[in-house]
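Number of protein chains: 2
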Amino acid sequence: MTNPTAAMLVIGDEILSGRTRDSNMHHLAQELTKHGIDLREVRVVSDDAPAIVAAVQALAAGFTHVFTSGGIGPTHDDITAEAIARAFDTPITVRDDARALLEAHYKRTGGTLNEARLRMARIPDGAALIDNPVSIAPGFSLRNVHVMAGVPAVFEAMVASVLPTLTGGQPVLSQTLRVNRGEGDIAGPLGVLADDFPDLSIGSYPFQINGVFGTNIVIRGQDGARVDAAMTRLAEGVAE
Amino acid sequence: MTNPTAAMLVIGDEILSGRTRDSNMHHLAQELTKHGIDLREVRVVSDDAPAIVAAVQALAAGFTHVFTSGGIGPTHDDITAEAIARAFDTPITVRDDARALLEAHYKRTGGTLNEARLRMARIPDGAALIDNPVSIAPGFSLRNVHVMAGVPAVFEAMVASVLPTLTGGQPVLSQTLRVNRGEGDIAGPLGVLADDFPDLSIGSYPFQINGVFGTNIVIRGQDGARVDAAMTRLAEGVAE
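So the sequence lines, in the order shown, correspond to chains A and B.
Mapping to the UniProt record's numbering: the first sequence position 226 is 226, numbers consecutive.
Mapping to the UniProt record's numbering: the second sequence position 131 is 131, numbers consecutive.
Excised from the complex, chain A in its bound form (with noise of 0.2 Å):
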């Protein structure tokens, strides 16, 4: 069984110039691989609109779904909604579903709904609203596209709300032998079990600590007892 593939786009000059260290791509990267859809790509691009377009374009056209983060909130330079509008050549205005909600919100905080906060309710036509129960805002899906937050408590709400509503896949299964060997011991007999076991995935990933040299060995796959199998002959070739 194939399982559907996403793609993930970061949007802020934030990240991009180190200001900010981005935290949404590793919490969906956990959140895809539960609900059994395979992240297979992630861009970051700063907050310009032709380079958004044309990564929504892409990332859209290869992928099952795309997950953006980032660029939707009130300032000058919250330019994402337009972006994706322009993506897929879709009017945008604002919206009397999300006016309402904004409405309805600064009214029970005591709030204004001026008229930078009302780009926030700024929807294309025909996306569906994705719920944000932290700051209200919606997010929104346009065809394949979610297109969410970037304020990393308000981007997992928004996950929250938006994964349910997808089909997944069959999740992934992993297992990790650590061993205190270099990579470079146990690459020969990690190629054999790789060649051996096809259907999984087998991944090596170095580390350093206090200057002793180990590797996780981590194998992936749809079917358990494939897994078991193949961790059960790896324990036996090369942990000692």
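In short, the hints are calculated from the structure, not lab data.
Fair warning: this is a prediction, and the values are worked out from it, not measured in the lab.
Where hints are given, some of them may not hold.
Claimed, not checked - Below, a sample of chain B positions facing chain A; criterion: calculated Cβ distance under 10 Å: (1) Pro4; (2) Val45; (3) Pro91; (4) Ile92; (5) Val94; (6) Leu101; (7) Ile202; (8) Asn216.
As the list claims (entries may be wrong) - Chain A is nowhere near these chain B residues, computed Cβ spacing over 12 Å in every case: (9) Glu31; (10) Arg86; (11) Thr90; (12) Ala116; (13) Arg143; (14) Ala160; (15) Leu166; (16) Thr167.
From the three backbone atoms N, C-alpha and C, an ideal C-beta is built for every residue, glycine too.
Chain B: place on chain A using the hints.
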């Protein structure tokens, strides 16, 4: 003055599956900013030769420099060097200079330069080696692509080796103002400020701590006096 541009290509299933949190992107972003090179795009792809080849070709054509991370170790899933060679249609063999480094290293440490480890001496024709003071096996620069290891300690050491050899631009200066107001409250005056200082980049980054919303406003530019002037105006107009 326009600074040189850069893209980064992170290669590794372990990032996309959520098993590992990438830290090389953040490190490189900070180092490039200090060096006056503008990081414009990052892509993360899996250990898949066609995906690596396509990404390298696209990024090498679009930016002054490309920096890659991951996939140059001794195991079966380390396919980056071959993929880079293929991307530029360049022959790749075990090269004497790289082999000599490894031979000396394993002689010194009592390890064995077996067939798997010898893979780490496979370097495309015409590439310049990148020094690896941590674990010796070198990276390399082929045309405008700088190929480095994924283990953070090694990646960081290789960045330190290669960056001083590249022509940098004028470093980007930045100042940050933290205000305890939501983005929506300050978006209006911030847009006016951005219009008045078109030579500067003015970003606003919302945060939420203990249920309180606030915003970091970051002004970036190459001319310190202009950044100062914009920050003074900002502090008068927006902060309370």
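Comparing the hints with the structure gives:
For B/Pro4, the interface hint is violated, since its Cβ never comes within 10 Å of a Cβ in chain A; the closest pair sits about 14 Å apart. Interface restraint check: B/Val45 against chain A, minimum CB-CB distance 5 Å, threshold 10 Å, status holds. With a cut of 10 Å, the hint placing B/Pro91 at the interface with chain A is violated, because the nearest CB-to-CB distance is about 23 Å. A hinted interface residue such as B/Ile92 counts as satisfied when its beta carbon comes closer than 10 Å to some beta carbon of chain A; here the least separation is about 18 Å, so the hint is violated.
Because the closest C-beta pair between B/Val94 and chain A is about 14 Å apart, greater than 10 Å, the hint is violated. Annotation: B/Leu101 was flagged as interfacial toward chain A, and the flag is violated, the nearest CB pair being 14 Å apart, outside 10 Å. Look at B/Ile202: its Cβ gets to within about 7 Å of chain A, closer than 10 Å, so that hint holds up. A cut of 10 Å between beta carbons decides the hint on B/Asn216: the least distance to chain A is about 9 Å, and the hint holds.
Chain A draws B/Glu31 into its interface by the beta-carbon criterion, the shortest separation being 8 Å against a cut-off of 12 Å. Every CB of chain A lies more than 12 Å from the CB of B/Arg86, the least distance being 19 Å, so the non-interface label holds. The Cβ of B/Thr90 sits about 24 Å from the closest Cβ of chain A, beyond the 12 Å cut-off, so the non-interface label holds. Not every Cβ of chain A is farther than 12 Å from the Cβ of B/Ala116; the closest lies at roughly 3 Å, contradicting the non-interface assignment.
Interface exclusion of B/Arg143 from chain A stands, the closest Cβ pair being 22 Å apart, more than 12 Å. For B/Ala160, the condition that its CB be more than 12 Å from all CB atoms of chain A holds, with the nearest at approximately 15 Å. The Cβ of B/Leu166 sits about 17 Å from the closest Cβ of chain A, beyond the 12 Å cut-off, so the non-interface label holds. Chain A leaves B/Thr167 outside its interface by the beta-carbon criterion, the shortest separation being 20 Å against a cut-off of 12 Å.
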